[in-house]
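J.: If you want the building blocks of each chain, they are given just below.
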Amino acid sequence: MVRVERAAEHTYVIEPEGAMRVPGRIYAAESLFEQAGHEEALQQVADVATLPGIVGASLAMPDIHWGYGFPIGGVAALRADDGVVSPGGVGFDINCGVRLALTGLDAGDVRPRAEELVHELMRRIPQGLNDRGTLKLQPRELTKLVERGVPWLLERGLATERDVERTEQGGAMSGASAAAVTQKAVERGRTQVGSLGAGNHFIELQVVADVLDEAAAGAWGVHPGQVAVMIHSGSRGFGHQTCTDHLQRMAAAARRYGIEVPDRQLACAPASSPEGQDYLAAMAAAANFAFANRQTMMHEVRLAFEQVFRRPWERLGVELLYDVAHNIAKLETHEVDGVPTRVWVHRKGATRAFGPGHPDLPPLFRETGQPVIVPGDMGSESWLLVGTQKAMRESFGSAAHGAGRRLSRGAAKRVMSGADVRRDLEARGIVVGSQSTSLLAEEAPYAYKDIGEIVAVMDAIGLARKVARLEPLGVLKG
Amino acid sequence: MPAKQGYELVDHTADVGLRVWAPTCEGVFAEAGKALFSLICDPRTIEQVETVEIRVEADDRELLLAAWIDELIYQFEATGALFTDFTFSELDETHLVARASGEHLDPARHAVCGGVKAATLCDLSVREGPDGWEGFVILDV
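Chains W and Y, in that order, give the protein sequences.
Using my numbering, the letters of the first sequence correspond one by one to residues 52 to 529.
Using my numbering, the letters of the second sequence correspond one by one to residues 3 to 143.
Next comes chain W alone, as it looks inside the complex (with noise of 0.2 angstroms):
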């Protein structure tokens, strides 16, 4: 078992101890230590700092829990000269994330069309299991669609420029290669492009409960009363095939380069060997997936939006705010020591965070930070945060991703079942679209943390600080 010490307020540390080689630090709530599965958690955290190059500390984010190889909102910065990566520490469902559109209606305009709109979205979005995406392309196509992102949607009528810029890395990461991935990943996820998927995914529409930063809210054009649609999910079996594909190979290649993980979903290897190399090229390509994925359910979106209220998406104001990778590895610039060091940073259900003033941001947002969103789980409340400098400084510019699982799905399942659920959500006056009562019961809210309290966390500390909270209008699942 590790020994965790309370270093500050929200702020415990796991001096190293064995092979770690920086120590480990943790985000959160005293009620983290009250959590099934937080010693297995804080036990991954220790494990990430064993990897070769890691600079600072491995970090978690205030919504850690026990995942596999890395926990969920671990956070590690692995030097890009000398260090390793590890698709690990991406996670199968590489650049799972979320989007959040802002609207031009209110709840009021909304709110008695709701379940009409739920059943358009229903009808065009393809959710749950093995589904056919909305976007049906030839291999050359997904080859283009891969390395290219989402500028190649924007080339087929099915972007904006706005939506370009308004996706984290402008929707496309560099160095992207489709020779990386396998004929597997290909064929997985040819047909996915446009679909939601099953999980703990989602679409959502959201209204604007309340607004407690007036200037980012302003700048961003967000305010009380406002229509949001927020979109959860991934790259679908192109990115868990591709993880998969990398993992065995990185796994048989650690011997060779004389690397050893307290546990074998770190497997890991040198960032410039080929192994690291193809990793990143392929990575690169599902995370345009996964772009892609959520910039097409956007469009139709936009499209159920028209067919109910009878006018132009662009009249009506949908328009994309962010869109933030939260399984993701980038190649960043962070102060080490005192000095600029190039690193990868490894987000394992994590969000980017990023003050204001980064160059990579868009102008808008350098200006005011950049926007962190943080769902909830199904039929809670939704936050939108904004990246600070002190994240910058604190967690390579990172933040929590989510609420986090409390509960087992089994443990979720046993509970309450999946039509008390929908009764419950509905009873709040919340839309409820889903084809799988078993997958309602496992995401019902009591199976996660309270989000209130990441946030709360988050904002204390000042990794984010809170714009706006959002509540339910409407929900999708898988």
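One should not assume that every hint holds.
To be verified - Now the in silico label distances, taken between C-beta atoms and shown as ranges: (1) Y:Arg129 x W:Asp510: 43 to 51 angstroms; (2) Y:Pro109 x W:Tyr497: 25 to 33 angstroms; (3) Y:Glu130 x W:Arg207: 38 to 46 angstroms; (4) W:Asp411 x Y:Thr47: 30 to 38 angstroms; (5) W:Arg307 x Y:Ser127: 32 to 40 angstroms; (6) Y:Gly8 x W:Arg306: 31 to 39 angstroms; (7) W:Glu90 x Y:Leu11: 47 to 55 angstroms.
Unchecked claim - Derived SDA-like pairs: lysine to any residue, alpha-carbon spacing no greater than 25 angstroms straight-line: (8) W:Lys235 x Y:Thr81; (9) W:Lys517 x W:Gly368; (10) W:Lys235 x Y:Glu92.
If you are wondering where the hints come from, they were derived from the structure by calculation, not from laboratory data.
Don't be surprised by glycine CBs; every beta carbon is placed ideally from N, CA and C.
Could you slot chain Y onto chain W? The hints should help.
T.: Coordinates of chain Y only, in the frame set by chain W:
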């Protein structure tokens, strides 16, 4: 006393742990396949109408178990294959040749009840004990 051969699902906060046991290593791999498809679809609704040969290679026996599960996930997602029975003509530390029997997904008869993204390598094990073979794998669902 548990049966000589079988599987059980173990709770894990974000995922599902899978414990399998059998008198032989082949039995462990067969049970892992059955357990996987039990997470995807009710096995009682799957008829055995076709058989597919599957070959898998990996660097060691543990990675082979993960690669085997990953291959079956791929078969399901790419072709809609649902399997309930597995026999092995070859199985050693680094490769296997299996015959998997079942049928293709027919939405009219099969309700897909869950998805599995991949087998993780976390706490992965395959070993021979005094009472036979045992395996453990955590699935990302």
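J.: Of the hints stated earlier, which fail here?
T.: As far as the earlier hints go, 3, 4, 5, 7 are violated by this structure, in ascending order.
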